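*Asks:* Here is how the chains run, residue by residue.
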Amino acid sequence: MSGISELDQITKAAAGDKSAQAALVHRHMPIIYRVAYRMLREEAEAEDVTQETFLRAWKALPDWQPKAKFSTWACTVAINLCRDRLRKAKPVLMETPPETTDAALRPEEQLASKQAVSGIHAQIAALPDRQREALTLSALEGLGNKETAAAMGITVHALEGLLGRARRTLKSVLRADISKDEKQ
Amino acid sequence: MTKSAITIERVLDLIAAYGAHPAAWPDHEREAAEALLIAKPEAFEPALQEAVELDQMLMQDDQVPEPPAHLATTIIEGAPVAQKSAQRQSWLRSLFPMGLRLPTGAAIASLGIGLMAGYSYAGDTGFDAYLESDVTYTDTLDASFDDWLGDPEGGL
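Protein chains in written order, with the numbering used here: chain G, 1 to 184; chain E, 185 to 340.
For reference, chain E alone in the conformation it holds in the complex:
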């Protein structure tokens, strides 16, 4: 609001609502209102005097106790706690600042290489190799117990 736009009535309204002290008036009207107060003091004197008396009375209503010391602690204790998964994620992120895609890709690649190597080795030592080997296995227990113990002379 410009200095010229404010009226005597509006300044009286401000005094009636917010009191005598311009600091309590709305920011955008303060400057214009103060200018009008200086320009026409007689228009505002009775209203200001009444408002000052009430302002002083209101200032006496400042007997508000301090919040008890434990209150802040109690409130903070009731605040939400960081989720563990979130903590774990942030820990992982701190390990891999470039993001989690790179280690995930590396893990999948390692798994693939491991599986391929495993299969190729299993091919060499698999069932076909068993069939082709010279080793003979007994499928019946027709040998005596001594055969299982080996040479009794040599001892165990």
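Chain G with its partners taken away, still in its complex shape:
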């Protein structure tokens, strides 16, 4: 943000300043959308969650207290909305991963690469919600540990526990997949 504090921008946005509102949206929308997509694996759902997050932001801005960064607050809202949707959705929402073939790879390598990507998508999706949230915000979106913990409403210590368990689960599952492939 060049020369203007986040609080100034929020104050202006709350007062109806269109350029401040646009700056807020362009700055924070991509991460909210990505987090929602990673949690829900469905573009339309991610779009709805992003839109709903900003609707709530517009309502909250007039009474905004600069206790947390806007991005942390927005991620918290987005995660809660995703949790609601995942709770309601039976079975868990999944979308076919997009085509990710690399022209430089031979057909059998392309297939293996596709399976690996599909495998990691599936394994992350299969993690318990809290572990997936922690991994999404911290490892995949690169939020700092304090910001991730704040967004999830937990301590940094608890976050590290979730991340550790998530990574251990993924490692064991992926190792099992590799050994299965080697046997075949």
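Any given hint might turn out to be false.
What the hints assert, rightly or not - Sample of chain E residues facing chain G (criterion: CB under 10 Å; computed from the structure): (1) Leu198; (2) Pro206; (3) Trp209; (4) Phe228; (5) Glu229; (6) Asp246; (7) Val248; (8) Leu255; (9) Ile259.
Said to hold, decoys possible - Non-contacting residues of chain G with respect to chain E, defined by C-beta distances greater than 12 Å in every case (computed): (10) Ser5; (11) Gln65; (12) Pro66; (13) Lys69; (14) Thr76; (15) Asn80; (16) Arg85; (17) Ala89.
To be verified - One-sided and incomplete, this derived list gives chain G residues near chain E with beta-carbon spacing under 8 Å: (18) Ala22; (19) His26; (20) Met29; (21) Ile31; (22) Phe70; (23) Ser71; (24) Ala126; (25) Leu127; (26) Asn145; (27) Glu147; (28) Leu174.
It should be emphasised that the hints constitute simulated quantities derived from the structure, not laboratory data.
Source: prediction; values computed, not measured.
The beta-carbon is built from N, C-alpha and C at its ideal position, and this holds for glycine as well.
Chain E: place on chain G using the hints.
*Replies:* Same frame as chain G, but now just chain E:
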């Protein structure tokens, strides 16, 4: 955390939670942890190797589509609009940068002067002046219609 305060166990915890890349570790522990990695590489090699493999796998999970182009527009359209009264106030403020008290005071003073002038003029042309005037008004319609038409010879 100082370089000497971090333990091998803590660095292993960092690797287990955040992966092999020090950039992902908490800022306040990074420097000390990296120093310990360099000082005792053998203590961390197996953990780092495992973490690197997983980090590479996680990096493959980057197939996230871009938000659709219309989404930002839709969100901005739903944003609060500036209140008209607020706009009017800001317009007035731009006219009177010293504040609104000065023009308000001037308006009240003008009103007072206007009222005083009005009353003083009304005193001169009021009911007393009417009583004292030489003009006589008829209170009955006992004149003929011709009186109202004036001199018929002179014509209208």
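*Asks:* What hint numbers does the structure not satisfy?
*Replies:* 2, 4, 5, 21, 22, 23, 24, 25, 27
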